Amino acid sequence: MPPPSSRMTKNRPQPTRYRPGKAEVADADSEEESSDEEEEQKPAKAPAPKASSFPTQKKLAVDLSKAGQQRSAAPTVPVKTEDEDLAGFVTASESSEEEDGDGSSGEDEDADSEEEESSSDDEPKKPMLAPKFISKAKRAQQASNGPTAEERAAEEERLRKEKADDMLQAQLEREAAARAAGKKFWDDEDIAPEDEVDDTDDLDPEAERAAWKLRELKRVRRDLLAIEEKEKEREEIERRRNMTADEREEEDRIYIEAQKDDREGKGKMAYMQKYFHKGAFFNAEDGDQDEEVQAALNRDLAGARFEDEAGDKAILPEYMRIRDMTQLGRKGRTKYKDLKNEDTGRWGDEMGRRKREFDGVDERFRPDEGGRGGGSERTGANSAPVGERKRARHE
Amino acid sequence: MAHQADARRHLDERGYSGPLIHNDNPLKLFEKAVRDRIVDSYYWKEQCFGLNAATLLDRAVELTCIGGTFGVGQKPTPFLCLAFKLLQLTPEREIIEFYLGKAGDEFKYLRLLAAFYVRVTYEKDEDVYTTLEPLLADSRKVRRRTREGWALTHVDEFVDDLLLKSRVCATTLPKLNPRTFLEDEGRLEPRESALGEELDELDAEDGEGEGEKKVKDEESSGDEGEAEDGSADGRNGDGARSEEDIKEEDEASDESMDGG
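The listed protein sequences derive, respectively, from chains A and C. Mind the numbering: the first sequence is residues 1 to 395 in the working numbering, read in order. Mind the numbering: the second sequence is residues 1 to 260 in the working numbering, read in order.
For the record, the hints were derived by calculation from the structure and aren't laboratory data. None of the values given here were measured: they were computed from a predicted structure. Honestly, I wouldn't trust all of these hints.
Dumping the calculated SDA-like pairs for lysine to any residue here, alpha-carbon to alpha-carbon at most 20 angstroms [what the hints assert, rightly or not]:
no., chain 1, residue 1, chain 2, residue 2
1, A, Lys-232, C, Asp-184
2, A, Lys-313, A, Ala-295
3, A, Lys-218, C, Ser-193
4, A, Lys-274, A, Met-325
5, C, Lys-141, A, Val-197
6, A, Lys-218, C, Pro-178
7, C, Lys-141, A, Asp-198
8, A, Lys-218, C, Pro-190
9, A, Lys-213, C, Asp-161
10, A, Lys-230, C, Asn-177
11, A, Lys-213, C, Leu-195
12, A, Lys-218, C, Leu-195
13, C, Lys-165, A, Ala-295
14, A, Lys-213, C, Leu-132
15, C, Lys-165, A, Asp-223
16, C, Lys-32, C, Thr-90
17, A, Lys-230, C, Pro-190
18, C, Lys-165, A, Ile-227
19, C, Lys-141, A, Asp-204
20, C, Lys-141, A, Ile-134
21, C, Lys-141, A, Ala-211
22, A, Lys-213, C, Glu-157
23, C, Lys-108, A, Arg-215
24, A, Lys-218, C, Pro-134
25, A, Lys-230, C, Gly-186
26, A, Lys-230, C, Phe-181
Taking the hints into account, I'd like the entire structure generated from these sequences.
What follows is the structure, given as structure tokens:
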């Protein structure tokens, strides 16, 4: 724990300014603190080069291999037990125990002291062997000794790598098998299995040949029909050209009546029925349209009724006579019903009614309704039934 | 032009300088939406990179279905991806004819792929008809992937669709003059059906013998066991009966074609 500072701040105490008239207070604490901190930093820095400096080749290599391991065999790495971990790890103290006290021991000790620090760093990383200095004499001895700790560690490295590779191999094989078995992956939409439709040929050559003949015949017939149609049209045109005007009119009349009959066959628009017209664009003849599509587009709309719709809106009260029943009861729907109701004109009532004389005159200056000279007044406030006028009114 | 593995230059519409089809970048024969789906699909990215005409053959023989896009996300079929690749490569006529002919004999999906390519790229109408009509004799079964499921068709049905419909396999086919138009102009001969003589024999069955038979001579020989009653040559004079027959047959044919 750093020495508690009485100032409660981490700022370094600045040298106090000279203020004339004030006695300079030399704080023993502050001085000590500053000196302490400086000292700490230096020792903190100083050992650093001894400890790690640049990582040795071996350290690097091991790190890389470990990284690879982790990626490929992530679930399997924790299989190693602690004993295994520690097996390849040789502490500097152990290694130094092997040493015989020699003239080289002095150097070794120095090296040891280095390695002690480095080994304390290395303990979490496995397998880490602290590089140990061996003099030439010792090296010769080592070579004859056989596999050293380092080599053992390297072997275990290899074993671990092989294990990881095997796991990876097994995983890949499993995936391939799953794929082969037809398991679905996220991007594979299996609407229906492919085997639904069998496209093997020559299951029944006779039937297939017969089917093909049928198709071919239909194609041929289709072509012939098309030619015939064209011929018919040409003939029709010729025929009409050769007829007189009267005959043409006769034919047209018959055709129009036939159309009317057809239209009557269709449903009639009910009172205030909702009308939906798809538009001229969709009415266009499209030879390629599916029959179903064409049937759908050419539906009889006037004859269509909703299930819930009142059969005849004329029997409903006026409030419910709306074209779109979903708007019933809603605020803001327009009260517009149809043109006829909203029209303020009189629909041909006025033809030949007014006296010609007063035609151009404004409404206000026209005489009252003519032809009712002494007739009873049917409009206005006086239209209540009134009894006979009493002739004599003496009072 | 040198074979470029990633062929990015084709997809970039700005500076395209390769062969033109219908006066435009061949890739534009597919609509933008479909193009995007193809290029984003895994099949394209994995399998269609750096293909040339020979390696495309390897992919094509592995095909098991035809179709356009399917599913909610409009996934393209491998067939469509390979067709797109063919458009990118624009191989020569001989190669395409080889695909259609010899190689197609063995691998029907390759033949269909080449037929699709022919319909989409050949500029002269007559060439399209003359190249594709021989395929109408091929009756092998074909598995087709529809938008939601599978369907069974045949090679000749697919070729027929190519010649008549305007949209096949998620592409709008370039406009093709109808055969009658070409025949009138004299650019084409009337079609020789693969049935040939058998057609004559069938016509002989026609009960309404009166009226000229338009096309074939009458031969009285046995029938082939087909279910066809009445022939297409029923004329106005034959009245309502032939019309009815034709209507019945239309319905029957519609029902059976719905499966296709």
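ask   = Any hints this thing doesn't respect? Which numbers, in order?
value = Numbers 2, 20, in rising order.
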